[in-house]
Amino acid sequence: MNKRDFLKNSIIFFPAAGVVSALTCQAEGKELSASMTTGYDASQHWYGMGIDVDKCIGCNKCVEACKAENNVPTEPYFFRTWIERYTIHADGEVKVECISTKTPEQRLAQQNQPLDPSVVRSFFVPKLCNQCANPPCVQVCPVGATFQTKDGVVLVDEKRCIGCRYCIQACPYGARYLNPETKTADKCTFCYHRITKGQLPACVEVCPTGSRIFGDLKGQQDRLVRFQHSNEISVLKPDLNTEPKVRYARLDGEVR
Amino acid sequence: MKIPEQVKRLGVIVVLFLAVVITRFFLLPETWISAQPHQAAKVVREMAKPMSYAGMPACRQCHEEEYAIKLGGFHRTIGCENCHGPAAAHVANKDDKAVTPPKHREREFCLNCHGFVASRPNGFPQVDGTQHNKGKKCVTCHDPHDPRPDEAITDCGGCHGVIVRTKALSTHSQLECAECHQVSEQHMVEPRSALPTKPTRRDACARCHDSGSTDPAAAKARLDLSTHGRTFVCWECHNAHLPEGTK
Amino acid sequence: MSDASIPAALNEQLANQLSQVIGFIYPNEIETHWSILIVVYPYLTGIVAGAFILASLVKVFNVVEVQPIYRLALLAALSFMLIAGMPLQLHLGHPERAYEIFMTPQPTSAMAMFGFVYLWYLLGILLIEVWLEYREQLVLMAREAKGIMKPVYRALSLWSNDVSPEAVAWDHRVSKIVTIIGIPSAFLLHGYVGFIFGSIKANPWWGSVLMPIVFLMSAIVSGIAMVMLIYMVISMLRNEKIDMRCLDKVGLFLLVALIVDFALEGLEFIHRVYQNEESLKILSELISVKLFNSLVIMQVALGMLLPLLILALVRSRRLNDDMRRIMYFLAALLIQVGIFSMRWNVVIGGQLFSKSFRGLMAYKMELTGIESLWMALVLLALPFIILTVLNYLLPTRWLEERALAAH
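Residue numbers (the working numbering), protein chains in the order written: chain A, -16 to 239; chain B, 35 to 281; chain C, 2 to 408.
Just so you know, these hints were derived from the structure itself, not from any lab.
Take the hints with a grain of salt, since some may be wrong.
Derived lysine-lysine pairs resembling DSSO-like cross-links, with alpha carbons at most 27 Å apart [unchecked claim]:
hint, chain 1, residue 1, chain 2, residue 2
1, B, Lys171, A, Lys180
2, C, Lys177, B, Lys36
3, C, Lys282, C, Lys365
4, C, Lys202, C, Lys365
5, A, Lys78, C, Lys282
6, B, Lys128, B, Lys168
7, B, Lys171, B, Lys137
8, C, Lys177, A, Lys166
Construct the entire structure; sequences and hints are all you get.
What follows is the structure, given as structure tokens:
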């Protein structure tokens, strides 16, 4: 072959070699999965949570359990899950407060209030990371430190997060915070280390009334699947199309 | 063609840039240029984290008696660790006193859930902590694993606090709950198995409020129910527990 | 209970902020995540884009009146560009991992892609533009320099040696092409900053289609005004006569840009009010309670309306040179205040209301520390220091003065 052909072919060689090498690298990366090390196959599961609003008594045990299980700072500024209290008055005024930022003593002091007849509805709403199927936080992470696992849980790699806080700004639900110790973004993980071993998330484990329902949306006889099928389900901020996997039953329209 | 000198000078920069790009895309190891292997490693790390809560089934291994008692009572759905705190360390090392789960005896502990808060759902048992058996420990009368008290429950307000307190402020304050709701004994024993009845027809209110009625208590609130409110049932407009509405 | 606990200083700061909450906020919203540093960053990149657009007027649109400050505009753009990345680096939780944005960028992230836009603009446009403009001068300075400056200038000229008229003409031809590519690049640079905010659907104060365009227009305004200010200050410091023909032309462009910027921001406001979406209630409260001074007074009244009035007056009345200089200076200064306020209102303002639409928070700017007022002032001063150094290294009128001296 002449010089021209040789040059042409060799020029093609480099990108081709690159493509092949990149593909093999990728393939190797995929094999480095959890199923190799623990026998747990994430692709068989798709986790979600159900919340029965009518059952929550606002005892705040779920918040305490979460902080204990996941080493979340105990001060009232960082929450992976929290409880909101709604009080709706006859004139349409809606008062909302977060009871989880209060101490047990403060919450006790708020008990036994004289009944206000102008209150027409009052209830507690548990909130947590919605583990969205279409997560805006994952979309904006500049380095891919936050990602969605194959079983539907959004995790944050604290070893790679650069602490730019873009994900915290992008979350419409206020579910994320910056961990003051690691200086990385942090949030509810559905207690990933528990659910992958067949246990329940800590908040579900301690909920006394069964207001929190955890399950596998790919399951057949699953508590969450039944919950979704037998109740009218709504999600938070559906217009933002984040496809939350935390589904609420009997959620009042005033809940944001 | 004579290549301008500037092109040769800038060309060096361009070559350097290309070298960087080629290095980045073809020569660097995957862990340097892709987030995927790191994400996979993170999943493994996350799964390996230790657990603080052992889960209810674990407690049953050694505490069968308490578990069985609890299974028969009103606290059957509550996880042991809700009240006793995280117990994984205790399960791992049963003899270590430092990690033995605590037993809370102070009133404030039970009042956390059972103190009256209007936002709590209808049907949830609540007491006024400042009045109910003041000063005494809750466990004096209530076994935490089977909290049904020895005395029979007669007060609707224990579980229906908001309704009773609302009614107390209303023109229906003198009406007993039983006037409109038939409550069986079974409801006091196992509430959800025998729900109280609720009125289904306008007759329930017509008894006192129809213009033909003679009940003295409703003297000021009578109207001709054959024409009032079409065929809708009364409580579609009137809150039976606060008929005069809010101010 | 968890063992984890937070440092006392942070605890105090957050307790302080908690006490200033009005209404209801999600508990994690108590922390203001993007601080004064993130206000400084779009302000600096905006000036880069604006200064470059001003320079491009000369090169591409042949506005010869602005020629006297062409090089100054380029150097100003470069000075601000070199510092613009610093506030970002400083505010990161892990600045030592910042390189990961270039190593493992996520293509869906506007922030990651911006890193490459920034690099492209700095390396592919600005530096090449400056080099082409100064190459002839650098070669000549290298020949005449003594001591350590000789190798410095040799290096800066990339060891170039050809200063024949053909070579210089080549420089100018290619420079024009680079500028033509540079204009949309500058649009991309600062439009991207606007897009980083505008693409966040979670925040209705930020999430808007107009955000990139408003950011860009205000950037052009601030950049032109900044170059104008720098020109006037430098001339004053050197005791030199200001070219009034140049200043008047720049003033005209500033007025036009300001009118467009005002129209766009006005449009965004009207559009928001007219659409009357759910967020309008809390946003109105945000403006009246938290942002009244910084938005209504500083951004709109002082930063836009007053400069508009001043510049319109200058054009409509026959004023003497001294009067016009004072008014241009005043207008340009007010514009800086206004555009900086605009960045503050967008960045900080967007974090002062809850995404529940039910409450307002506060931002307490630290005075010392990394994300502090002190650091912001340092970062704002640094470009001017760099510009001074650049002006010394690459004097803007060296060739002209050399030609004059030869006669």
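Could you work out which earlier hints the structure fails to respect and list their numbers in ascending sequence? Of the numbered hints, 1, 6 and 8 do not hold.
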